[in-house]
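A.B. asks: Sequence:
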Amino acid sequence: MTDLTDLGVAAIRAGVANGDFSATEVAGAFNTAVADAQPALNAFITLTPDKALEAAAAVDADRAAGKALGKMAGVPIGMKDLFATTGTKTTAASQILGNFVPPYESTVSQKLWDAGAGMLGKLNLDQFAMGSSNETSAFGNVISPWRREGDTAQLAPGGSSGGSSAAVSARIAPAATGTDTGGSIRQPAAFTGISGIKPTYGRCSRWGIVAFASSLDQAGPMARDVRDCAIMLEAMAGFDPKDSTSLDLPVPEWEANLNADLRGKKVGIPREYRMDGMDADVARAWDEGIAWLKDAGAEIVDINLAHTKYALPAYYIIAPAEASSNLARYDGVRYGLRDLPQGAGLQDMYAATRAAGFGAEVKRRILMGTYVLSAGFYDAYYTQAQKVRTLISRDFMDAFQTVDVILAPTAPTAAFGLGEMVSDPLAMYLNDVFAVPASLAGLPAMSVPAGLDRQGLPLGLQLIGRPFDEQGVLDAGLAIEARAGFTARPAKWW
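For what it's worth, our numbering labels the leading residue of the sequence shown as 52, then goes sequentially.
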């Protein structure tokens, strides 16, 4: 029998339903794989093998009783440690929530459990989802399972969903949840050779997810291929009255409607994304992607997204501003860490708690956000950034008058080494240059593997779609997947 950990979501679901193997066998195989890899990869913060086995036993019992099985029946997944899970620590990879055990379940995770999924554990991430390399976690760096050819240097798995990308790529989880604020599903997916989709803003509930930037945060699936992402997204999505930004729309049957035939479709190629000094391997992958979509029947159209160059600075005003507001709740009074020096007053406790609980990157963004929201600077920075955001959204809407989907690189380079960018925050922020515009506009966007660079590392291509058109994004991703023939996987060294 095939090693169960080599199977993805669709194959596991089918095998369990057909009786080829039990959900309990699958959970056991992945629990073992997680335990073996954890010391080397550090992809998880908290392991929950019993929960994976408990959910699997319930699926096996339902099958034996002839009951209908859910969309994710028998599939054990990793849960990014930003989603509240009843009775299991939810830390956001920060010491300020280091011992927080929620008495409630996030809407997205509950939907997945209701669909038959089980939880292998809570995945590591950049602290409060702030980072592009998974080096800001209070629980240690996540190590990518990939290595450059002929080199043993540790590589970044991307961020903030680095634990998710590393776990799926290393075959220690068939799929994982991620969240994407400015590329935190797509960039790590590209770095580790997997697929990941950020749906339209509001498609998945934000209730029970630790907030970073509320007008940008969106949950999505990360998996081995496009079909698995479609299956998992169907289970995650849906209207939630507890989230005021939730879309009151039916969930489409994305998996059943997958179609790689793009005849009659137009694909936009934004000229502003082809920047001076672009990495040659990234440029080559983009050109190959254009050729693949043309082969799938699509018409290629050059488009203009004139305000793209302002997206990154606008994002790094809006996101920190919202973070400074959201993170004000961590004060040492109601929950989480409390640092109370002897004889200290209330303000001293606030300061000591936040100094001890927040990491350097979180503090940096809180300071940036507080500054741009302060009297005298609000209009000069925050108001202007919101105006730019509107212009960026308008650029996309204008483009979608003539094209159905947009193709661009996911990230400007392949994975970089841990420590290579830590001392230069601006260089790290530039890693999100291709991902941020779609986030500002709230559009569905997906990364799919496109091939390897000259050092043997994965490269990703990004598809951006109209609001609510996840189907168009998934279909274009499927067309690329079929033609790229990406089967590379990291050589096991852990």
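What the hints contain is simulated information worked out from the structure, not anything from laboratory work. All figures in this text were calculated on a predicted structure; none of them were measured in a lab. The C-beta atom is built at its ideal place from N, Cα and C for all residues, glycine as well. Hints may contain errors.
[Said to hold, decoys possible] In silico lysine to aspartate or glutamate, EDC-like type, Cα no more than 16 Å apart, as pairs:
1) 316 - 353
2) 360 - 312
3) 293 - 156
4) 543 - 165
5) 102 - 76
6) 102 - 200
7) 317 - 76
8) 118 - 165
9) 316 - 294
10) 543 - 327
11) 543 - 111
12) 316 - 520
13) 345 - 312
14) 317 - 350
15) 122 - 111
16) 316 - 346
17) 122 - 304
18) 543 - 156
19) 360 - 304
20) 317 - 449
21) 140 - 165
22) 102 - 54
[What the hints assert, rightly or not] If you anchor each label on the Cβ, the simulated ranges turn out as follows:
23) 68 - 415: 40 to 50 Å
24) 449 - 294: 21 to 31 Å
25) 105 - 422: 19 to 29 Å
26) 112 - 328: 53 to 63 Å
A.B. asks: Please go over all the hints and tell whether each is borne out by the structure.
C.D. replies: Hints, verified against the model:
no. : hint                  : in the structure
1   : 316 - 353             : holds (14 Å)
2   : 360 - 312             : violated (33 Å)
3   : 293 - 156             : holds (12 Å)
4   : 543 - 165             : violated (33 Å)
5   : 102 - 76              : holds (14 Å)
6   : 102 - 200             : violated (38 Å)
7   : 317 - 76              : violated (45 Å)
8   : 118 - 165             : holds (14 Å)
9   : 316 - 294             : violated (34 Å)
10  : 543 - 327             : violated (36 Å)
11  : 543 - 111             : violated (31 Å)
12  : 316 - 520             : holds (13 Å)
13  : 345 - 312             : holds (10 Å)
14  : 317 - 350             : holds (5 Å)
15  : 122 - 111             : holds (14 Å)
16  : 316 - 346             : holds (12 Å)
17  : 122 - 304             : holds (11 Å)
18  : 543 - 156             : violated (35 Å)
19  : 360 - 304             : violated (36 Å)
20  : 317 - 449             : holds (14 Å)
21  : 140 - 165             : violated (20 Å)
22  : 102 - 54              : violated (22 Å)
23  : 68 - 415: 40 to 50 Å  : holds (49 Å)
24  : 449 - 294: 21 to 31 Å : holds (29 Å)
25  : 105 - 422: 19 to 29 Å : violated (47 Å)
26  : 112 - 328: 53 to 63 Å : holds (58 Å)
Of the numbered hints given earlier, the model fails hints 2, 4, 6, 7, 9, 10, 11, 18, 19, 21, 22 and 25; all others are met.
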